[in-house]
Amino acid sequence: MANYSAYMDKVILFDLGTQETSVLPWSDEDRCRYIGGSAMAAKLLGDSKNAADLIVITTGPLTGTGAPGSNYFSISAVSPLTGEVSHSSCGGNFGLYLKKAGIDALVIKGSCEKPMWLGILNEHFTLHKAGGIWGKTVSTTNAELQAAIDEERNCRVKCGMLTIGPAGENGAAVATVASGDNDACTCSLGAVFGAKKLKAIVVTGNHDISVADEEKALENHKQWAQHLHAHPITGELLPKRGSIGFVERLQEVSLLPTENFSKAGCDFAHEIGGEVFADKYNVVNRGCTYCPIRCERSAVCEGEVVKGPSLNAAVLLGSNILNSDMKLIVRWTKQLHELGLDLTHTAKAVAWAMQARSEGVWKTELQFGITTNISDTFAAIALKTGIGEELAMGCTALGKKYGGEFAYMFTDIVGAAARSYVGFNGTLSDYAERYTDAALNAGQCPCVALALIPAFMVKKPHGIKAVAARKLAPLAPVAAKIISVLPETVGDKLPVTFLTRELRYTVGMSMTLDALVKTGTADSVGLPKPMLKAYKAANAFSVKDCAAKLKETAEKLKDMDKDELLAKLGIKE
920 MANYSAYMDK
930 VILFDLGTQE
940 TSVLPWSDED
950 RCRYIGGSAM
960 AAKLLGDSKN
970 AADLIVITTG
980 PLTGTGAPGS
990 NYFSISAVSP
1000 LTGEVSHSSC
1010 GGNFGLYLKK
1020 AGIDALVIKG
1030 SCEKPMWLGI
1040 LNEHFTLHKA
1050 GGIWGKTVST
1060 TNAELQAAID
1070 EERNCRVKCG
1080 MLTIGPAGEN
1090 GAAVATVASG
1100 DNDACTCSLG
1110 AVFGAKKLKA
1120 IVVTGNHDIS
1130 VADEEKALEN
1140 HKQWAQHLHA
1150 HPITGELLPK
1160 RGSIGFVERL
1170 QEVSLLPTEN
1180 FSKAGCDFAH
1190 EIGGEVFADK
1200 YNVVNRGCTY
1210 CPIRCERSAV
1220 CEGEVVKGPS
1230 LNAAVLLGSN
1240 ILNSDMKLIV
1250 RWTKQLHELG
1260 LDLTHTAKAV
1270 AWAMQARSEG
1280 VWKTELQFGI
1290 TTNISDTFAA
1300 IALKTGIGEE
1310 LAMGCTALGK
1320 KYGGEFAYMF
1330 TDIVGAAARS
1340 YVGFNGTLSD
1350 YAERYTDAAL
1360 NAGQCPCVAL
1370 ALIPAFMVKK
1380 PHGIKAVAAR
1390 KLAPLAPVAA
1400 KIISVLPETV
1410 GDKLPVTFLT
1420 RELRYTVGMS
1430 MTLDALVKTG
1440 TADSVGLPKP
1450 MLKAYKAANA
1460 FSVKDCAAKL
1470 KETAEKLKDM
1480 DKDELLAKLG
1490 IKE
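Numbering-wise, the sequence shown is residues 920 to 1492 according to the working numbering.
To be clear, the hints were calculated from the coordinates, so they are not data collected in a lab.
All the pointers check out, no bait thrown in.
In silico DSS-like pairs for lysine-lysine, Cα to Cα no more than 25 Å straight-line: (1) K1159 to K1199; (2) K1253 to K1226; (3) K1282 to K1319; (4) K1253 to K1116; (5) K929 to K1077; (6) K1141 to K1378.
Just the calculated beta-carbon pair ranges, DEER-fashion: (7) G1288 to T1001: 28 to 36 Å; (8) E1134 to S1030: 45 to 53 Å; (9) E1003 to G1288: 30 to 38 Å.
The beta-carbon is built from N, C-alpha and C at its ideal position, and this holds for glycine as well.
Turn these sequences into a full structure, and let the hints guide you.
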């Protein structure tokens, strides 16, 4: 029995071959070390004798609790793209309903003899024949499954769904898994589901998710939401323009990927940016469950209101292949989702092919700026026919086969947009990445972490305060240690502590900021060595490093009293 609230106290292993379930051990010590999410999955996979046979779906303690952005879950497995353990975090409501079914994490092993879909109701597992939906698109599959369970229970059933499209069924290495309108992109695990002949998972339940201190948790939610609404990114840019609104920022600072990342910036950036989309195409703003930011856009595509393009879509289907037509970006985004293709890796493969042609590495009809054959190419990738059979391998495999160093070019586009405000200091970037990973492991949307960027650095990125703050950026890990050791000074006045307070009030888990960003890293002890490479978080500062930084900081600030320091950093008592 877990001593913490918000956890459901169950990690379930389900064997597709035998249809048997068992409970895997997961202790309070494990909860403190890994929290949940991809760090939890890395531990579960590392403990397995056959990780290549597993799919691990994990929630975080905050998933489904009502905390801002607490709608995320993770899917982990050995990726067909890399051959290594990969993790993808995803929004939508699947994580919420997995917890309402009484499950913190679901581990799936084995495979089905014939296409099947898995139904889960309050920890009860049933496999159903999927012959009638095999080969169908994501939205059609979801609609038919919803109709089937509604008919079976004679009511409208609220549930979460994970679905693959034709790409996953056909074993395309760039296939993804969809949770409603959301896709678990970046690690392309749809082929893993397809290999197991698992078309979908439908989960529902009526378990309550407990909260340690409801009154304090609700007050923290309120303050956190107010901070998000007041911030220029999470309160203005994302709600009004969505993540696609970062296109203009990337263009401004010469970081907009163009022509397969070979150039930075293009003369049509405004046409694929958030302002034009908001003015000409956006129908209504939407958001994930429990998210006050509401960064999702929507647009009309072929007479249907569909989810609008993200920043990744605008860049990888726009500037990176020299396409300036927003309507095509909207249409292709929808097509890729329906086919079950990972937008990130599929678009990268197409861009690679275009550059391969221009470099004389590979003969293909794909060219930068030519859009007439893109839609057919996506269909070919999903079905693995014609040129699609090779593009379905992904650009890394293509690069190894045909050559060309450009095959390995890639960047974290959203991360680049965020870091453009605070600078690209390696120490700060590593620390920010660890904090974002910790938030994801707790079950939160990574957009919530964007509100940690000081507002003045967004509003006036070239101002004196912003320049000074960037100079102090390398000291961020030191500041975290100070906040952890002396929270009574400025610790509870900083936005960065919302997450640690949430864990304390919702979960009952007292954890310092410094300890939080170490969860899932080498310093947390216990992550198997093969998993460390797969898990993104860097090792935490050593005591020796921190002591040196503290001495350096003391020298710089010895003539500055507390009030003056707070004033210079824009922090109000």
